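**Q** The primary structure of each chain is shown beneath.
Number of protein chains: 4
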Amino acid sequence: MSAPLRVAMIGNGFMGAAHSQAWRVAPRFFDLDREPEMAVIVGRDEQKNAHLAEHWGWQEAASDWREVIARDDIDIVDIVTPGHTHAEIAIAALDAGRHVLCEKPLANSVDEAEAMSRAADRAGKAGTFAMVGFTYRRVPAAAFARQLVREGFVGKVRHVRADYLQDWLVDAESPLTWRLDKSKAGSGALGDIGAHAIDLAQFITGENLTRVSGTLETFVTERPIVGERQGLSGTASDERGQVTVDDCALFMASLSGGGLGTFTATRFATGRKNALRVEISGDKGAIAFDLEDMNSLSLYDATAPADRQGFTKVLVTDPSHPYMAAWWPAGHMLGYEHGFTHQVRDFVTAIAAGEQPTPSFADGWQVQRVLDAVERSAGAGSAWTDTTS
Amino acid sequence: MSAPLRVAMIGNGFMGAAHSQAWRVAPRFFDLDREPEMAVIVGRDEQKNAHLAEHWGWQEAASDWREVIARDDIDIVDIVTPGHTHAEIAIAALDAGRHVLCEKPLANSVDEAEAMSRAADRAGKAGTFAMVGFTYRRVPAAAFARQLVREGFVGKVRHVRADYLQDWLVDAESPLTWRLDKSKAGSGALGDIGAHAIDLAQFITGENLTRVSGTLETFVTERPIVGERQGLSGTASDERGQVTVDDCALFMASLSGGGLGTFTATRFATGRKNALRVEISGDKGAIAFDLEDMNSLSLYDATAPADRQGFTKVLVTDPSHPYMAAWWPAGHMLGYEHGFTHQVRDFVTAIAAGEQPTPSFADGWQVQRVLDAVERSAGAGSAWTDTTS
Amino acid sequence: MSAPLRVAMIGNGFMGAAHSQAWRVAPRFFDLDREPEMAVIVGRDEQKNAHLAEHWGWQEAASDWREVIARDDIDIVDIVTPGHTHAEIAIAALDAGRHVLCEKPLANSVDEAEAMSRAADRAGKAGTFAMVGFTYRRVPAAAFARQLVREGFVGKVRHVRADYLQDWLVDAESPLTWRLDKSKAGSGALGDIGAHAIDLAQFITGENLTRVSGTLETFVTERPIVGERQGLSGTASDERGQVTVDDCALFMASLSGGGLGTFTATRFATGRKNALRVEISGDKGAIAFDLEDMNSLSLYDATAPADRQGFTKVLVTDPSHPYMAAWWPAGHMLGYEHGFTHQVRDFVTAIAAGEQPTPSFADGWQVQRVLDAVERSAGAGSAWTDTTS
Amino acid sequence: MSAPLRVAMIGNGFMGAAHSQAWRVAPRFFDLDREPEMAVIVGRDEQKNAHLAEHWGWQEAASDWREVIARDDIDIVDIVTPGHTHAEIAIAALDAGRHVLCEKPLANSVDEAEAMSRAADRAGKAGTFAMVGFTYRRVPAAAFARQLVREGFVGKVRHVRADYLQDWLVDAESPLTWRLDKSKAGSGALGDIGAHAIDLAQFITGENLTRVSGTLETFVTERPIVGERQGLSGTASDERGQVTVDDCALFMASLSGGGLGTFTATRFATGRKNALRVEISGDKGAIAFDLEDMNSLSLYDATAPADRQGFTKVLVTDPSHPYMAAWWPAGHMLGYEHGFTHQVRDFVTAIAAGEQPTPSFADGWQVQRVLDAVERSAGAGSAWTDTTS
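Chains as they are written, first to last, in the UniProt record's numbering: chain A, 1 to 389; chain B, 1 to 389; chain C, 1 to 389; chain D, 1 to 389.
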């Protein structure tokens, strides 16, 4: 094994826990050509950050990301801060010659995403690479879906139905966290979870959304101001503040191959906790994925004899499935965090090979253009809006 | 029991079989205040019609619907012909003093539907009633869903996700039947199955769709001309003709109570045979219905303790459920045709009581306005379009 | 069409409703070579029986079954009385030259079943046929399962797991109906529902259970005496009586092909209403059936590529599936009663062709021997007991 | 935090990977009172062991377990070797004053298990503790099931249906691994997976199996001798050897509370990969668990209104569920390995508190007596056999 890859992680929220676990675990299950080292965790609250450094297993805690990315002993910068900070950090890190893994959505605006993408292009020419963290691509069932489409299993794609359904805002008294503040989060359900639905739909089909017609809605416009941030939803106080992002986004889309998409991203789907569902309908077959049942994939082979046709629920836990040979025997499940572990595996493997990892910042920029087109369409009475302009 | 209700059924296609079964069976399981008699079946092809009269158990076969509706011994006219004939027959029958049960969609245009609705209003004042055949309201699980919403189970409705997914046109060589001919069918997936999704969503929520933004798509624009009609899809010939209706309709909708709806009606959802699905998300609970699993209803009680929340799959076969006391012990399933049997039960019960049955022609007209608004929106770049204008 | 087949139905309980529906409906959906006529219904309570004659559509009501089976205008005797009366009626009817359809279990003892089977053999030589009513064989998914096994889909059978799970006795205060009285019902869960599980397992695999090791249990030994019979469970009174049948039966079995079976029949499976489940595991594939999801069948093809293997849920509603061409388009469901309709279709078809229908009384006798062997094994400390002795 | 707990793991097969991951991850997600240190991994093949030490993250590799357990710097001995070695290692380790975590089944015979249990009792008096690794108790859904039963949710237990279904031996050419060799594995499906089903059934109900009637079967008696061990199933060679363990075990059981159990453990359940299923039916409710759907638990509340009763599928991912507050937001899944992580958490917590962890060796001995009783019953024609003798 060559020299280790020393990682600095900027940010220490919920995503930081998932990334830490991935950096720790990936080299234990996959034979990586370069071993990642959990070097530095960066957070503004020094006490909290020091605690998390120890708890999550980082060698050092630091508070100034600028200093950290300037250090020569850092190879990778892993950005898990809120979206409005991504552009500045990522561009600086790339310019400093650090490989960058950046959480999704890439940025809070198309302009930022474009700048990041251009910075990544520049860096890439010098062998410094950037990747955006659409981890659900790395759920084995989703990766298998991509493989099947590529092999022609579904044929010509007619429909994509992609929903990301959550329900943590159903309660009108659920507090106002940073995720409901446009200045930090950029957008609401659309950018947070809709971005995943868009990326996954594009990834699995291998097609782009070329135009969209959408609408955004904020069902509950005022919520209790959060006293102290705790977990995903925080805790409430008496004061109320304005919700400045969407609670849900609905949109229709044209696919580059001629099919039609429908998308729902919402935090008001009562009873659905984390239901990212993508169903692809083609003229040869269909594929259905549901993140709430993430270890399986449903396949429909429309070329089978009529009396045998039906959805086959494949447990995607066989060594023949993507990523699975590294894990447990068939029938033993993986969980949420394994997508992050696979992301580390793919990112490190690409870097070690001197190749561009995917999804690139350009891919992230493209998703950002779709998000932007949905917002513009919503602002224009759901008029169909190109994603390329 | 008072005098029987003598029924004349106009039309003898697939729907005729379902209606015949319903007229035959309903009085055997329900105590009806007036017994229906299967008097006359009307069809243009005399030989076929005579055969079906015997096969399905009608006392007489006739070929001229005008003569039949003029007969004093006919109490009910049951219209199961294609949509473009509904208005003329229904209005004439009502004017002749016959109660009318008319298949959905009520008509092929808003104007026709309005004329029918006005004719029904006139007739209703004289105690002659009209009903439109949205039979899925009579699936016990759907009726139970309506009851639960009325009782407040879901609270304030935020989302309605209603899909009607079929796949019988996925094969581009599947033939051109009358259902793909706008002059006969009026519309494609939108009117044929989308109408059911709209009616069911409105019925269960007790709310109307007030405006829509939608799009229509015809994926396969030319198909083999059908030699002879057989079953739902017919058989193919060499010649090709134009598909003049939509293969699929997608639309978003505002609900009268402030919620948002998304609707898909398609004949290209590979692997989905008859998946009419409606999910209602409210601030107290959620309800999910799927016609492919029609004997159950999924309920989510958001007011239950956090660790007990989940979707409860209720087998809607208990005597306490709508319609079920008349049938078998709990756990014994009903099928597609039972919705029609319940429709006869409800229609006859209302007539015997001298009351307006539901859904009325006015309800059918309202659905027609929604269908029309979707078409107009689709023609105007998916601009939001009022359903009331 | 040749002369009609005039039917006399002996008995008018819950099964009478199901059989009446079947006699009425079968000729409307299937082209039968001889048309059944609902001639006479026989019941001891004359008033109730007259009411049911009208309600269910029988031409006549009668109270003495002996008189009825002696009538020359009766072709078929349909026996839907409790099990302790089957032998006497069936043998007399066969001896009188009437075709006999007899509800399951064939009898309350092996001796009775043997006598019936011998009577049927004698009658068969004269062209008079007898069939036992294991209707679940006629659920399309079960018939399709049989077809698949016959075609070699599962290969060598290793396991049969067959359960019939109900829960209507979970409540210890649920009343003492005739089904809990050994003198009438013969046995409890074992004979009532276990018989179905045995027949279905043998039917689908095409193998017999050759020996069994089982146990019977009565969890609640005393129950309120039922005031008046109503529905399946009756209503309670203050007095208590002894439960003289089993609440549940568990047994293991050897299959004639070398596989192993496990069987559970219980009325104490809380939450399971009518869950007759059969799963066949073979060296080439597996098949799983569940009566609570009766319109589908799950198939596992162990010869498929490793990454595509999974259970395929086939909606058994395609015209290519058994019985389905007579009904609705693909995706439209059948219910509980359709098994009875198919039974009439198969029975009448065999009679019209002068052929022995299946399952024969000999098949019913074989099931009875299995039931008897389970009881004997249970009485002998679960010692393995041959079903052939 | 007090002094770390230095761990020596004996064995380096598939279980070693799972345990290594658990030791590494547990302190990162749970606040443990003492931090485990991955000190030594012990394996006979020095080269392989050295490689795994590095790969899995152990500080040292060693080849002689006797030397290792004698070391004063070792606090915990974690035994993941085949069953025939458990007794010797565990007793020596306990006698040497090391806490012991031992994989299941505890031993290959009741005598060994008894000796181990007595050694654990002796050690326990000196504050040295032993635990047996029935990790599935630590799947949150299983722990939640236990909690519900304890709270009275199911009431009086009538039925336990517990199956552990795998299919990796369906192919008669699948090779002869050590798991099929009685001298190493002790027993086949019975001890390997049946032990889990027994433990889980007893754990959830809080009752013991008091007597059993069972049978064992070896469907394929000769298999290709494995060239070199690889993964769970190995690779094949030309020579054939005798399978000396059971392919499947079926048994019935009496529960200490008066209910009845049925158990199946098999490696021939085609299509079922890792289906450990336990369903508890009581007079107040039912609970169903399936390891192939491990993030959910199905609950049936028989005290709910009749029309609302049904199985509620609870996603056991809420912070209110056992272990879940340490992990991700609701709706984010855990996998197979998390049960091991929770096991480390519970083991370390008990040791730090100076308390006996569960399941104790006495619990493991009790399971061993059940396994033994099943074998004896199988050898005695399935005669009912006490588990206490």
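Hints were generated in silico from the structure; no laboratory data involved.
No experiment lies behind these values; they were computed from the predicted model shown.
Yeah, the Cβ is synthetic: ideal placement off N, Cα and C, and Gly gets one too.
A portion of the hints provided could be inaccurate.
To be verified - Which chain C residues face chain A? A few, computed with CB under 10 Å, are given here:
#1 PHE14
#2 MET15
#3 ILE225
#4 VAL226
#5 ASP301
#6 ALA304
#7 ASP307
#8 THR312
#9 ALA330
Said to hold, decoys possible - Below, computed lysine to aspartate or glutamate pairings styled on EDC-like, alpha-carbon distance capped at 20 Å:
#10 C:LYS313 with B:ASP290
#11 D:LYS313 with C:ASP31
#12 D:LYS156 with C:ASP73
#13 A:LYS313 with C:ASP31
#14 C:LYS284 with D:ASP171
#15 B:LYS313 with D:ASP171
#16 A:LYS313 with D:GLU207
#17 C:LYS313 with A:ASP171
#18 D:LYS313 with D:ASP293
#19 B:LYS156 with A:ASP171
#20 B:LYS156 with A:GLU173
#21 D:LYS313 with A:ASP293
#22 B:LYS48 with C:GLU46
**Q** Need the status of pair D:LYS313, D:ASP293: alpha-carbon distance at most 20 Å?
**A** holds, 10 Å
**Q** Is the hinted pair A:LYS313 and C:ASP31 satisfied, with a Cα-Cα distance of at most 20 Å?
**A** Given pair A:LYS313, C:ASP31 is violated - Cα atoms ~38 Å apart, limit 20 Å.
**Q** D:LYS156 and C:ASP73: Cα distance at most 20 Å?
**A** Violated, at about 56 Å.
**Q** Min Cβ distance, C:ASP307 to chain A: is it shorter than 10 Å?
**A** holds, 4 Å
**Q** Please verify whether D:LYS313 and A:ASP293 have alpha carbons no more than 20 Å apart.
**A** The given pair, whose Cα atoms are some 12 Å apart, holds under the 20 Å limit.
**Q** Measure nothing beyond the straight line between the CA atoms of B:LYS156 and A:ASP171; if it is 20 Å or shorter, mark the hint as holding.
**A** holds, 11 Å
**Q** So, as I understand it, the hint says C:ASP301 touches chain A; can you test that by seeing if any CB pair is closer than 10 Å?
**A** holds, 9 Å
**Q** Taken at face value, is the distance from the CA of D:GLU207 to the CA of A:LYS313 at most 20 Å?
**A** violated, 35 Å
**Q** Can we keep the C:MET15 interface hint, with Cβ of chain A closer than 10 Å?
**A** violated, 31 Å
**Q** Would you settle whether the hint for C:ALA330 is holds or violated, based on the nearest Cβ-Cβ distance to chain A being less than 10 Å?
**A** Status holds, d = 9 Å.
**Q** Does the closest beta carbon of chain A sit nearer than 10 Å to the beta carbon of C:ALA304?
**A** Status holds, d = 8 Å.
**Q** Does the alpha-carbon distance linking D:LYS313 and C:ASP31 stay inside the 20 Å limit?
**A** violated, 45 Å
The structure fails hints 1, 2, 3, 4, 11, 12, 13, 15, 16, 17 and 22 (numbered hints given earlier, in ascending order).
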